[in-house]
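> These protein sequences, in sequence, are chains A and B.
Going by our numbering, the first residue of the first sequence is number 1, and it counts up by one from there.
Going by our numbering, the first residue of the second sequence is number 210, and it counts up by one from there.
Keep in mind that the hints were calculated from the coordinates and are not lab data.
Small disclaimer: the values here were computed from a predicted structure and weren't measured.
There could be a bad hint or two in this list.
If you want a taste of the chain A side facing chain B, the calculated C-beta under 8 Å gives, among others [unchecked claim]:
id	residue
1	R12
2	G16
3	D17
4	F33
5	Y37
6	D62
7	L99
8	S121
9	P127
10	K131
11	G134
12	I152
13	M157
14	H181
15	R184
16	L187
Only pairs whose alpha carbons sit at most 25 Å apart, straight line, appear in this in silico SDA-like list of lysine to any residue [unchecked claim]:
id	chain 1	residue 1	chain 2	residue 2
17	B	K296	A	R76
18	B	K269	A	D146
19	A	K56	B	V262
Backbone N, C-alpha and C fix where the C-beta goes; we use that ideal spot for every residue, glycine too.
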Amino acid sequence: MDRQHEIELARRLIAGDMQPFEEFVEHFRASIFQYSYLTCRQREDAEDIAQETLLKAFESFDQLREPERIRPWIFRIAKNACLMRRRKSIFAPERELSLDELMPERNGDGAHMQLQIADWSNLPDAPLLRKELGEVLADAVAELPDKYRSVILLRDMQELSTAETAEILEIGEDTVKTRLHRARLALRRKLDEKLRSEGTANAAEDGKN
Amino acid sequence: MAQKADANCAEIFEMLSRYLDLDLPPQACRMLEEHLAGCSPCVAFVASLRGTVELCRHFKASEMPGPLRDDARRQLLDAYTKALAAKTARARSGGSGF
């Protein structure tokens, strides 16, 4: 569902038209479930968080004046609901990801460098490998330290803007950008390892002689 | 990645997400594209980062929520109709609406 349609549903509900209620609930329930499932990896918790979030949203629906704000508004509630049930993950200790550690490995003598990287030009169409990549991605997201995970979930997975993400997480926009880049780099590494193990390795070589 | 005279790979490495998000100032964008024109490892790396973002955007969890139970649906509908009633009451008493 695109953002515009989502806003239209909210606009109608705000105006008292109950017809889109089911569609609105199903759509946001799935989005919030995905968001919280990737945060807590517990199915029951994710379902509870989706219900709790929608309930809080509807309880204060008369406070929502701008339908354009529906997505960030819902995800602010979802983020708080996740925080309340947060379980400290032993897989995701809070730490900084440095750019240095995320730089790809290079081989060579400085004059002729080679980067070991999978061939990303054509991502596989095979449904099985697509599914496996999705699982690698979900695990990699879960392993990210909280502050990076929260940014990538909102920015890339729920497609909120930098400004909306900054507002929800109560951090500056530059911080959103920095954390997003590092989170993407960390996920990229895991996905690349998976693709390379599937035999799509491609040594990208510098053209300099 | 290889060193280049104009800008080295490490320097552009930091800017790649902003490049993909079309958030770089024109001058930095030009510098980065000039670098990419002569550095195939960086081109391959950008493709991998772009692919990662695409996979995130199209990610569908293998787990989906079970069907919404009737009592849960009723709970949501009650909350919504109460909020609507509160808005109507405010409008009648001359307060601001939505």
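> If a hint holds in the structure, say so; if it doesn't, say that too.
Against the structure, the hints come out as follows:
{"no.": "1", "hint": "R12", "verdict": "violated (12 Å)"}
{"no.": "2", "hint": "G16", "verdict": "holds (6 Å)"}
{"no.": "3", "hint": "D17", "verdict": "violated (10 Å)"}
{"no.": "4", "hint": "F33", "verdict": "holds (4 Å)"}
{"no.": "5", "hint": "Y37", "verdict": "holds (6 Å)"}
{"no.": "6", "hint": "D62", "verdict": "holds (4 Å)"}
{"no.": "7", "hint": "L99", "verdict": "holds (6 Å)"}
{"no.": "8", "hint": "S121", "verdict": "holds (6 Å)"}
{"no.": "9", "hint": "P127", "verdict": "violated (12 Å)"}
{"no.": "10", "hint": "K131", "verdict": "holds (7 Å)"}
{"no.": "11", "hint": "G134", "verdict": "holds (6 Å)"}
{"no.": "12", "hint": "I152", "verdict": "holds (7 Å)"}
{"no.": "13", "hint": "M157", "verdict": "holds (5 Å)"}
{"no.": "14", "hint": "H181", "verdict": "holds (4 Å)"}
{"no.": "15", "hint": "R184", "verdict": "holds (6 Å)"}
{"no.": "16", "hint": "L187", "verdict": "holds (5 Å)"}
{"no.": "17", "hint": "B:K296 <-> A:R76", "verdict": "holds (22 Å)"}
{"no.": "18", "hint": "B:K269 <-> A:D146", "verdict": "holds (21 Å)"}
{"no.": "19", "hint": "A:K56 <-> B:V262", "verdict": "violated (31 Å)"}
Hint violations for this structure: numbers 1, 3, 9 and 19, all remaining hints satisfied.
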